[in-house]
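Chains B, C and D: place on chain A using the hints.
So the chains spell out like this:
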Amino acid sequence: MGRYILKRLLVAIPMVLGMTLLTFILMQITPGNFLDTIRMDPQVSEETIGHYQKMYQLDKPMFQQYIHWVYNLFHLEFGYSFYFNIPVAKVIAGRLFNTFVLSLASFLFTWMIAIPLGIWAALHRNRWIDRCIQFFSFICLSLPSFLLALVFLFLASQTNFLPLGGMHGPDFENMNFFVRSMDFLKHLIIPTLALSIGSIAALQKIMRGNMLDVLSQQYILAARAKGLPEDRVIYWHALRNAINPLVTLLGYEFSGLLSGAALIEIICSWPGLGSLMLTAVRSKDIYLVMANMLMGGVLFIIGNLLADVLLAKLDPRIRYDKKH
Amino acid sequence: MTRNTEHVSEFQLALRSFKKNRLAVCCAMILFIFYAGAIFADFLSPYSYRNEDRNYSYCPPTPVRFFDEGKWVGPYIYGQTLTFNEFYRRVYQTDTTRRFPVRLFVQGDEYKLLGLIPSRLHLVGVQEGARLYLIGADSRGRDLWSRILYGAQISLSIGLIGVLISFSIGLIVGGVAGFYGGWIDNVLMRLCEMVMMVPGFYLLLALRAAVPDDFNSVQIYFAIVVILSFIGWAGLARIIRGMCLSLREREYVLAAKSLGLSDFKIILRHILPHTVSYSIAAVMLSIPGYILGESALSLIGLGIQDPYASWGNLLSDNMSIVRIKFAPWILWPGVFIFLTVISFNIIGDTLRDCLDPMMKAERK
Amino acid sequence: MQDAILKINHLTVAVQEFNKETLLVNDLNLEIPRNRITALVGSSGSGKTTTGLAILRLLPQALYMKKGAIVWEGQDLMNLSENQMRLMRGKKIGMVFQEPLNAFNPVFTIGFQIGEVLKQHTTLSGPKINDEIVRLLTTVGVDDPPRILNSYPYQLSGGLRQRAMIAQAIAASPSLIIADEPTSNLDVTLQAHIMELFRKLRDELKMTILLISHDLGMVVHLAEQVAILANGRMVESGETKSIWQHPRHPFTQQLKQKMVI
Amino acid sequence: MNPKRIPNQPLLKILQIPNSFWGSLFCKNIIGFFILFLSWAAFLPLSTAENTHPFRYGGKLVLTTTSDPKSFNEIIAKEVSTSEITAYLFEGLTRVNAVDLKVEPHLARSWKISPDGLTWIFHLRRDVKWFDGFQFNADDVVFTFNELIYNLNIPTSSRDIFTINGQTPKVEKIDDFTVKFTLQSKFAPFLWVMSQPILPKHKLEKTVTERKFNFTWGIDTDPREIIGTGPYKLAKYVPGQQIILERNPLYWRKSVDGDQLPYINKIIYLIVQSADVELLKFLEGSIDYYVLRGMDFSLLKPLEKNDDFTIYDMGPSSSSNFITFNLNPGINPKTNKPFVDPIKLSWFSKLEFRQAVAHVIDKQKIIEIVKNKLGYPQSSAMTEGAGFFNNTNVVQYDYDLTKAKELLQKAGFIDRNQDGILEDSQGHDIEFNLYTNADNTERVDIAAIIRHDLEKLGMKINFQPLEFNILVSKLNSTFEWEAIVLGLTGGVEPHFGRNVWASTGQLHLWYPKQTTPATSWEKRLDEIFDLGVQELDENKRKVFYDEFQAIVAEKLPLIYTVLSAKLSAVRNKFENLNPTNFGGVFHNLEEIYIKKEYR
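Residue numbers (my numbering), protein chains in the order written: chain A, 1 to 324; chain B, 1 to 364; chain C, 1 to 261; chain D, 1 to 599.
Extracted from the complex, chain A is given alone in its bound form (with noise of 0.2 Å):
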């Protein structure tokens, strides 16, 4: 297994850095740069341009650059964003946690719910229940999350119950811990809702699907023959089967953990790295951009590694040592 393991990671540093050339050749190709915004303004002159310019190591040819970044980033230095001139990874570290947090919320909040509910309308297969919960998982399924986001927050607004987005109340620094993550929670289920209601609808799905294929399996009637109570029957025999699938998505949602939501972060004013790297994208931040990419490049490698050893830990029938 540490062979397989050490091959798979070795495979994937040629990936990712491919990953980022694509990235960086596309970012650089595109008409328009960074410095557009600057020269629209009326009182900047072209040599003051020419400065930043150079500051910003934009008028080097563009293979130059990227080696440059390369070569930094064996040193583990990510390079400067333009707009905050500070280390990129400074300007990441201060909202990772941010979408770490919301990230996680919507991925417990998703399985919570999703598993027991695709067992549950497995169990009760074609009765009124079951339909009713694939007939709600549809509409759930088709409406765009930002919309959900919109309505939320205008709902919120009415009843002055929730919130309105951020991540805090005004002035959260003099309450007390328990008081803050009170008031921290409070803001988290408007952003968490609208990125899980989709994802739940789906999971269910999914899990109903499995749990459906492997109750029809022989193993399962053996089960009863042999005299096992129901619970046993569903909750070990069938169950334990069920999950497997589900743990190759598990190692995608591991890798979308950091890559955070865009769309609701804007609209509910998360401070996530969704809507920094939207802005960056936009504004041509390159190496900002760069190192959300690697980020979540990297991510993405350990997610489906760990998925695929924690599969072979959960279904004997995986080898990895014998070729495929």
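Hint data in this document are derived by calculation from the structure and do not stem from the laboratory.
Calculated pairs, DMTMM-like style, for lysine to aspartate or glutamate (alpha carbon to alpha carbon, straight line, at most 20 Å):
1. Lys350(D) - Glu554(D)
2. Lys91(C) - Asp231(A)
3. Lys212(D) - Glu77(A)
4. Lys19(B) - Glu17(C)
5. Lys186(D) - Glu538(D)
6. Lys78(D) - Glu46(A)
7. Lys20(B) - Glu17(C)
8. Lys66(C) - Glu21(C)
9. Lys513(D) - Asp41(A)
10. Lys365(D) - Glu455(D)
11. Lys542(D) - Asp526(D)
12. Lys460(D) - Asp306(B)
13. Lys460(D) - Glu110(B)
14. Lys90(A) - Asp222(D)
15. Lys325(B) - Glu304(D)
16. Lys203(D) - Asp176(D)
17. Lys456(D) - Glu110(B)
18. Lys266(D) - Glu84(D)
Quick look at chains B, C and D alone, frame taken from chain A:
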């Protein structure tokens, strides 16, 4: 493409069980109506998508009346003039002095039906002097109903073409990787992973920004379709590859090889048909992704540009609470997006259940 | 007739499809004598597996018992509550499936799955359970029980898996074993071994066996009594030798020819 | 020019507390706080000795901004999101009075100008302290100019402002509280630009010598490190969420009646990216100030009474919207094809063509449709907000299609083949591309209305909103465009528009960076901008700049459309508010205090 007869009958079986599901059938009806509306958009819509009249900005839906003091007079409307109340809010006064009959098969804005037949015939219309807004007008007094019909042409076709592109790439890459295995499989799969690695939304942004600026709107439309499909194919390729790997060992594939058929023919004729059942369901379930993708792009101003209309840019133009409060009819495009997406989802899901037995046969 | 461990009276099982009802088992009457091997023979779709499942009341959702009774030691199983019936399964009636690879849960070891039966139906616990499993595996002719105990189903050969399946079936020492085509997936030599194993179960462990098969020739040496099924109806039943010498029903003759070629 | 609604605060009005106020959550906290405040005030001796109105102190102001500040380094970062915050932290030698637009003393007590108008002597205040208690003196001023602004490896646009035909003024320290500035040529707006904020030498000298200044005072700095002299200092910055400013207890300024300024304790900027959420927050009461978009007025105006806020109309904003045609005859070096098709160039260069277009712009209808009737027509280059330099009697072009057709006929544009599209004298159909930036929805609507009227005139327009980056690269590098609807932020000092109006300016949009002025009137504009800046007498300068606005209105290089109205809604919790067009609502923030019952 020759396909063994036993396969066809299974399709009929699947069709029969599909018909049994009333909900799926009514979704199919909805989609059929939408697509028909899109094809005949020019004819069905009272005005062309560019026809604007600034005296009617945010004009509410015009009430169509049939009776005048109890007498049946046939469908007619009154003229409306724009005024502002003391809070500078748009208020439309109807002057009941003159009646404008609403007639069918009227001569209106010039268009080319299906892009070929030039004509000026519109299903419904009102002559000069008054404007017929079935579901209201947008900020520049353009008829929202006509623009939704034209928008359907773009939004509904984006899904189909996008799926066509991403599935053909996905099938070929998946088929080749699954069939040949070895280093080809490795390279192609790493390529897939690389595309899947980049968070979709930012890839969308970066690619959209790479579109040259002198593109006219139709070229931009195709660029958006290609971009959206560029994101979609990787996931499918991986699944098709998995299926092909197991199909490759089947006896009839080995037999076909022994008969000396070219690899490409084998993939195309013997392996891919077996993935058809999975692909149909997957196609249906991924079309909504394209429609929602286009509206997300429009929300940040990178979608279809004015003056052309797509459901995405119709919705995102007025995405503000104040607009919705004073002109709620601008949410209609959202309703159409929702209906289309939910119909595709339901049909896709039902198809997957109907084709399930066949897929199980494939998988064994 | 020695006293019968199980009497099946007028068993009728139907399925509802596209608002049309089809009968899978039509008015089946059968008595299974104690400490004997009874064979239920018929082509595929003749309802023999459905009968087996009906005995254990494990019919799939779409199927339902139209009428009939299954009397076990004087009591109709149909009247038992679900819990009472559950106690019967495994403890009183064990089942052996056709394809052991599918009948074993792929993610658990053989030892774990057999251990489950013991934990459920006996008072054994801890290391004693392991010893019992080893004993069971040796009785069914497995030569290296500890390895088998810790390995997963996919790691075993067809024959070994079938033996483990039988070990699991007899774990709680049930009185009746229903074996649904236990050998049809094995090659000829393994079939003989498994048949030999069933003979041992009958003679040494005094068990009653209901053998479901489509291969008349294979059961003729083993079963004392045989019943022939054709699309849900019982066409012939009685002592194996009399049925074998002069089969009355054309269907039985057909089965016999098939065996001869 | 003062706004329509200066709030008169009779005592009675304060007591008229609207009923919805009692029910709201907000009010419950206030009553609790009020009782606490009474008990607190009874026992505690007054904090500072000579304050005559102790009850004015305290309370907080909650505002919003759309994006994070770029950094707190005022020299490097000039964006609005940054300057909004640094305006509280740092101060300049002079300040512009937002009411009468006159320059008044600030950190400099007084100044003297030499007869030849080249040497300025500034006498600094002696009672100004930096946040960390250090004494503010001439060394800081000399350091800010010689080490920061004139330092070539620090890219800053401040250097451009102080570069007067190629040279920068010499800055010398006379004594601890006197500084001499020697200019090479007369520069009228010098006092205006001396509002340049001064930074602390003792704090930043080391970063300049270690060449780290470009990356200091970024958003990752500890707030206590940011040292200025302004009324508020930085208390806390939470990335993506909020910026909190605290009252500077050492601030030097006193109010007219002797109070130590400022009154308000804390300013909180919430970072809200979506305008809708900002509106909801204002309606909910969690923010005190909201800048209205055109459509918001009809929603907020009816709520003004019971939601306890007032909408101030501060006249036209200074950001213009205009249509301009590409008059650049140059050849693209890369493709050696002309930037603009010569035939089209000939149309655009004809004055009658541009005048006809001016007659087609229906300013009243645009204000009604796009600005929801809250806008002002614009005809002269300096907007009404510029006050003194605004020249109202320039050529006006009223909306008149027939006049436009006559002008075009005179210039040879006639629809000869009756296909509904005009042709020029050589018979080419009049057809051109019209661009604008897609992300500004109001400007897209304005461009669409203009296009619609131009098509009524008989011109075929390919209208194409573009991504902002693409538009800018067309204007600045490729020059490949034909007609554009765009906007530039105006100002009060005409000289700051030099980059747009001088023929050599890179923002001379229609034909930038000319070596020699292409037309006589552009030559005249160059002279005006060279002379105007030398003329120290305000009234004489006005003569120059009136002529400049007259030329622009007559020759129409930029055809102006409309300006939006500056409207803001403010919670009724402040006293001493004095909103003006130039300064907005909170330009005199130090003198504003919060009514007792709102604290």
